[in-house]
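Each chain, letter by letter, is given below.
There are 2 protein chains.
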Amino acid sequence: MTRIARYARLVAHKGRGGEVAEHLLAAADGLGGDPGCELYLVNSARSEPDVIWVTELWRSQADLDASLARIRGSKAVAAVMQLVREHELVELDLLGGKGPTAAESR
Amino acid sequence: MTRIARYARLVAHKGRGGEVAEHLLAAADGLGGDPGCELYLVNSARSEPDVIWVTELWRSQADLDASLARIRGSKAVAAVMQLVREHELVELDLLGGKGPTAAESR
Chain A
11 MTRIARYARL VAHKGRGGEV AEHLLAAADG LGGDPGCELY LVNSARSEPD VIWVTELWRS
71 QADLDASLAR IRGSKAVAAV MQLVREHELV ELDLLGGKGP TAAESR
Chain B
11 MTRIARYARL VAHKGRGGEV AEHLLAAADG LGGDPGCELY LVNSARSEPD VIWVTELWRS
71 QADLDASLAR IRGSKAVAAV MQLVREHELV ELDLLGGKGP TAAESR
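Order-wise, the sequence lines are chains A and B. Here our numbering is used: position 8 in the first sequence is 18, and no number is missing along the way. Here our numbering is used: position 97 in the second sequence is 107, and no number is missing along the way.
Simulated from the structure, these hints should not be mistaken for laboratory data. There may be inaccurate statements among the hints.
[Stated by the list, open to error] One side only, chain B facing chain A, incomplete, derived with CB under 7 Å: (1) Ala31; (2) Ala38; (3) Leu51; (4) Val52; (5) Ser54; (6) Asp103; (7) Leu105.
[Stated by the list, open to error] Calculated Cβ distances over 12 Å to all of chain B for the following chain A residues: (8) His23; (9) Ile81; (10) Met91.
Heads up, the beta-carbon is just placed ideally off N, CA and C, and yes, glycines get one too.
Build out the structure end to end from the sequences listed, making use of the hints.
The structure is reproduced here in structure tokens:
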């Protein structure tokens, strides 16, 4: 079982970054009880508040896929996408480090 | 006290990404006992193994500054910089989410 790490970068329409962040923080609350989701941290870029970065860490691709299947086509996703003019994913392989679960991934 | 979140992106010279990662994993081990460092996760980009991303979370700017002061001018830093042809920092404000310490940051 291989962890999935990724960053999502969302660029909101001008002035809407705060709303995007609120939606994503609500999504994070919804993930609170999901053992497959190990990190879901919502950040804004220091000098660009309309640029939101999410740090994600999932126990496995299957856990990520299951979570995505649960929200696919939802009103919550549509609401975020309406506020966003650009989005990208940076897909990563976690090598290790200091963190709640990093040691197990080595 | 405000948390400092950031991503560091390092592009290694061709074929040297693994060595860069090894240095950063050693740095993470050195941070194991530093309560100011809450996350230091070393990742490689999924499709570009010479691109290394570090996810960092620090308790405060003072903690980050103290850590940087300890390693400034060190051989370890020089060794990494010799292997790297490009580096950038994405500076973030942590808004919250799911993670070891995210709840406190809201």
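Hint by hint, here is what the structure shows:
1. Hint on B:Ala31 holds. Least Cβ distance to chain A is approximately 5 Å, under the 7 Å limit.
2. Restraint check, B:Ala38 versus chain A: the minimum CB separation of about 4 Å is within 7 Å; hint holds.
3. The interface hint given for B:Leu51 is met, as the beta carbon of that residue sits about 4 Å from the closest beta carbon of chain A, less than 7 Å.
4. Interface hint at B:Val52: satisfied, since its Cβ lies 4 Å from the closest Cβ of chain A, which is below the 7 Å cut-off.
5. For B:Ser54, the shortest C-beta to C-beta distance to chain A is roughly 5 Å, which falls under 7 Å, so the interface hint holds.
6. The interface hint given for B:Asp103 holds, since its Cβ lies 5 Å from the closest Cβ of chain A, which is under the 7 Å cut-off.
7. Interface hint status for B:Leu105: upheld, as the beta-carbon distance to the closest one in chain A is roughly 5 Å, under 7 Å.
8. Residue-level check passed: A:His23 sits 18 Å from the nearest beta carbon of chain B, beyond 12 Å.
9. Listed as outside the interface, A:Ile81 is consistent with that label: its C-beta sits roughly 15 Å from the nearest C-beta of chain B, beyond the 12 Å cut-off.
10. Every Cβ of chain B is farther than 12 Å from the Cβ of A:Met91; the closest lies at roughly 19 Å, confirming the non-interface assignment.
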